[in-house]
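*Asks:* Given the coordinates of chain A, assemble chain B onto it according to the supplied hints.
There are 2 protein chains.
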Amino acid sequence: MSLTQLQVVLRARPDTALEPGHLALVETPLPEPGDGEVLVRGRWLSLDPYMLAQINGRHVTGNLEEGEVLRGEVIGEVLQSHSERWKPGDLVRGMFGWREYAVAAADALTLVPASIREPRWCLSMLGMPGLTAYAAMHWQAGLNPGETVVVAAASGAVGSMAVQLAVRSGCRVVGLVGSHEKARYVIDSLGASDCIIRWEESFAEGLDRTCPEGINVCLDLVGGAFLEAVSARLVVGGRIVLAGVQKSAMAEPLAPVLPALWIKQRARIHGLVVYDFEPRREEFLRDCVPLANEGRLVVNEEVVEGLRQAPEALVRIQAAQHAGKVVVKL
Amino acid sequence: MSLTQLQVVLRARPDTALEPGHLALVETPLPEPGDGEVLVRGRWLSLDPYMLAQINGRHVTGNLEEGEVLRGEVIGEVLQSHSERWKPGDLVRGMFGWREYAVAAADALTLVPASIREPRWCLSMLGMPGLTAYAAMHWQAGLNPGETVVVAAASGAVGSMAVQLAVRSGCRVVGLVGSHEKARYVIDSLGASDCIIRWEESFAEGLDRTCPEGINVCLDLVGGAFLEAVSARLVVGGRIVLAGVQKSAMAEPLAPVLPALWIKQRARIHGLVVYDFEPRREEFLRDCVPLANEGRLVVNEEVVEGLRQAPEALVRIQAAQHAGKVVVKL
Chain A
1 MSLTQLQVVL RARPDTALEP GHLALVETPL PEPGDGEVLV RGRWLSLDPY
51 MLAQINGRHV TGNLEEGEVL RGEVIGEVLQ SHSERWKPGD LVRGMFGWRE
101 YAVAAADALT LVPASIREPR WCLSMLGMPG LTAYAAMHWQ AGLNPGETVV
151 VAAASGAVGS MAVQLAVRSG CRVVGLVGSH EKARYVIDSL GASDCIIRWE
201 ESFAEGLDRT CPEGINVCLD LVGGAFLEAV SARLVVGGRI VLAGVQKSAM
251 AEPLAPVLPA LWIKQRARIH GLVVYDFEPR REEFLRDCVP LANEGRLVVN
301 EEVVEGLRQA PEALVRIQAA QHAGKVVVKL
Chain B
1 MSLTQLQVVL RARPDTALEP GHLALVETPL PEPGDGEVLV RGRWLSLDPY
51 MLAQINGRHV TGNLEEGEVL RGEVIGEVLQ SHSERWKPGD LVRGMFGWRE
101 YAVAAADALT LVPASIREPR WCLSMLGMPG LTAYAAMHWQ AGLNPGETVV
151 VAAASGAVGS MAVQLAVRSG CRVVGLVGSH EKARYVIDSL GASDCIIRWE
201 ESFAEGLDRT CPEGINVCLD LVGGAFLEAV SARLVVGGRI VLAGVQKSAM
251 AEPLAPVLPA LWIKQRARIH GLVVYDFEPR REEFLRDCVP LANEGRLVVN
301 EEVVEGLRQA PEALVRIQAA QHAGKVVVKL
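In order, the protein sequences belong to chains A and B.
Following the numbering used here, the numbering of the first sequence begins with 1 at its first residue and continues without gaps.
Following the numbering used here, the numbering of the second sequence begins with 1 at its first residue and continues without gaps.
In short, the hints are calculated from the structure, not lab data.
Mixed in with the good hints, there may be bad ones.
Calculated lysine to any residue pairs in the SDA-like style (CA-CA distance at most 25 Å, straight line) [to be verified]:
#, chain 1, residue 1, chain 2, residue 2
1, A, Lys264, B, Gln318
2, A, Lys264, B, Leu261
3, A, Lys264, B, Ala53
4, A, Lys329, A, Leu30
5, B, Lys264, A, Val273
6, A, Lys247, B, Gly237
7, B, Lys264, A, Met250
8, A, Lys264, B, Ala114
9, A, Lys264, B, Thr16
10, A, Lys264, B, Gly142
11, A, Lys264, B, Ser193
12, B, Lys264, A, Glu68
13, A, Lys87, A, Asp107
14, A, Lys247, B, Gln318
15, A, Lys264, B, Glu66
16, A, Lys329, A, Leu3
17, B, Lys329, B, Pro88
18, B, Lys329, B, Ala114
19, B, Lys329, B, Asn293
20, A, Lys264, B, Ala320
21, B, Lys264, A, Asn63
22, B, Lys247, A, Ala255
23, B, Lys264, A, Ile317
For reference, chain A alone in the conformation it holds in the complex (with noise of 0.2 Å):
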């Protein structure tokens, strides 16, 4: 008898939006480890935006394939180790993908730092969502106290991390969300100034109402029509982060006057992949994870049981009606 475990693999790419039949749970046997490998059960899988990109084919790391297991970052536990780096009972974090079980070698883990109260973190604001925050906000677009920073997809999260920094740094936070719940929550516990709710306003009609002196920094994770209306109320010496771009904007030709409004305003665009910042993880760690600790950044994590629940999830995401943070309990 040998043991199995759970995965999931891209059965079919979507033609349109994703359902859970395009994606298929597999009965696998557990693998065994080789030599310099171990194996880990993993505990937490992170659900992330990224993975829709993937499966349609348009993501920077690279599209997944029909058939191929679905990626992600896990935090586990070593079972079993064949490599002097590790021994059971290491907690680990890896990009072991959407599976119970995961044999890795063993310079593809990274030991989840004992100083972190909640290991699952590492997923989210100690994560790479909250690298992606702190490297928009801190390393890329620079801020200055007083500062008006409009931060999109901000209950997300990555925007409800980037909505805490711009705050810590003495900011006046502008979100946009979608919903008036979501508002509440970015409000009342990240410490925005305001929001701006989609579909109840235009975008020009929500930063004219907000932003009445003009947008220092923006977090753009919609591009399209937000990007646009964000360029025409920049300040002289303003920055766009660019992080992510919504697949409906991917269809809207961009207004001929960008580039001119960017020179007027003597701009700066930068274009974010988080994976550059890996280096610098342990400066954004020091940082943060005493923050965390204390509960001085918090995280609306949503948590679904076990991997069957997690195509069902992901279909929420693509639908933006999940709040905060997805992660899968395995």
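*Replies:* Same frame as chain A, now just chain B:
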């Protein structure tokens, strides 16, 4: 009998293209300097593309109203001084405009450094065009040896300095030009490796041919389809400096994929307005004056004889028929 001088005013804002008749030569009495002012006799007036934007009502420094004397940078000589800061004979630079004589406040002049072999260069390679190129290449893009640098309008006043600065930094430089003659100049006299001749090949074909390994840096003075073609060929970590948008590009919507391209390539886009770098002019001159004096930086100058010829010359600038820097001998 009172002395008179010539000046040029905007008679009527053009509906489409500028024609000489939109400008008027006016004879006016010679102005008298008041307390704290000086009378300057202009020697050289700089003609620049930004004047077209001011006339057309879409320049960052503000527009020109009908009846107003055209603005412009002038090198001149102090004739009378009612200020302790200046004495007759001093060679100065200021925004005196399209006139033969000007009265200016003592603090609106800058001394032309005696170290500069040819004072006229303070309007071209050692003046605003040179400072624009220097700020773009060194302070915004930041050049590394071996990088591929694409320069728009490469035979122009700004572009020709950008080409030379990038070549001096050990970069491989490709120029965008409007004729074979200009391509010869940019390659043979300025040191570019190759040129793309507009109208003879598309931007995409030209960039594919000349930059097979992609583009590290671009100085964009065109916008529109050129910006799109460059963005699609950036390497990871590429930089684009936006320092001008052609009128035709202001009518064409931009491809929606642009922000996604910039994210994918971790691009950095800078809007450049040269006036912001005025405080760093000394730094630029320390580097470039010796090179210019030794003939290691060159400028292709077209000298227009007298203010009466200047309106025609500006129309030629509009049609991109000039070569290099156009100056009016007053």
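*Asks:* With reference to the structure, classify each hint as holding or not holding.
*Replies:* A quick look at each hint next to the structure:
Proposed proximity of Lys264/A and Gln318/B is supported: the alpha carbons are some 21 Å apart, at most 25 Å. A C-alpha spacing of about 23 Å is found between Lys264/A and Leu261/B, which places the hinted pair at or below 25 Å, so the restraint holds. As the CA atoms of Lys264/A and Ala53/B are separated by approximately 13 Å, the hinted pair is consistent with the 25 Å bound. Annotation: proposed proximity of Lys329/A to Leu30/A holds, straight-line Cα distance about 19 Å (limit 25 Å).
Distance check on the hinted pair: Lys264/B and Val273/A sit about 7 Å apart at the alpha-carbon level, within 25 Å; holds. Proposed proximity of Lys247/A and Gly237/B is supported: the alpha carbons are some 24 Å apart, at most 25 Å. Restraint check for Lys264/B and Met250/A: the C-alpha separation of about 14 Å stays at or below 25 Å, so the hint holds. Distance hint between Lys264/A and Ala114/B is unfulfilled; the C-alpha atoms sit about 34 Å from each other, more than 25 Å.
Using a Cα cut-off of 25 Å, the hinted pair Lys264/A and Thr16/B holds, with the two alpha carbons roughly 22 Å apart. Between the alpha carbons of Lys264/A and Gly142/B the distance comes to roughly 21 Å, so the proposed pair stays at or under 25 Å and holds. Using a Cα cut-off of 25 Å, the hinted pair Lys264/A and Ser193/B is violated, with the two alpha carbons roughly 32 Å apart. For the hint linking Lys264/B to Glu68/A, the alpha-carbon distance of about 23 Å falls within 25 Å, and the restraint holds.
Between Lys87/A and Asp107/A, the direct Cα distance comes to roughly 13 Å. Compliance with the 25 Å bound is thereby established for this hinted pair. For a cut-off of 25 Å, the pair hint linking Lys247/A to Gln318/B is broken: about 40 Å separates their Cα positions. The hinted pair formed by Lys264/A and Glu66/B meets the criterion: a straight-line CA distance of about 23 Å does not exceed 25 Å. Taking the CA atoms of Lys329/A and Leu3/A, the gap is about 20 Å. The hint holds against a cut of 25 Å.
For the hint linking Lys329/B to Pro88/B, the alpha-carbon distance of about 20 Å falls within 25 Å, and the restraint holds. For the suggested pair Lys329/B and Ala114/B, the alpha carbons sit about 20 Å apart, so the restraint of at most 25 Å is met. A distance of roughly 21 Å separates the Cα atoms of Lys329/B and Asn293/B; the hinted pair therefore holds under the 25 Å criterion. Among the hinted pairs, Lys264/A with Ala320/B is consistent with the structure: their alpha-carbon atoms are about 23 Å apart, no more than 25 Å.
At most 25 Å may separate the alpha-carbon atoms for a hinted pair to count; Lys264/B and Asn63/A meet this at roughly 13 Å. The hinted pair formed by Lys247/B and Ala255/A meets the criterion: a straight-line CA distance of about 14 Å does not exceed 25 Å. For the given pair, Lys264/B sits about 22 Å from Ile317/A by alpha-carbon distance, which is consistent with the 25 Å threshold.
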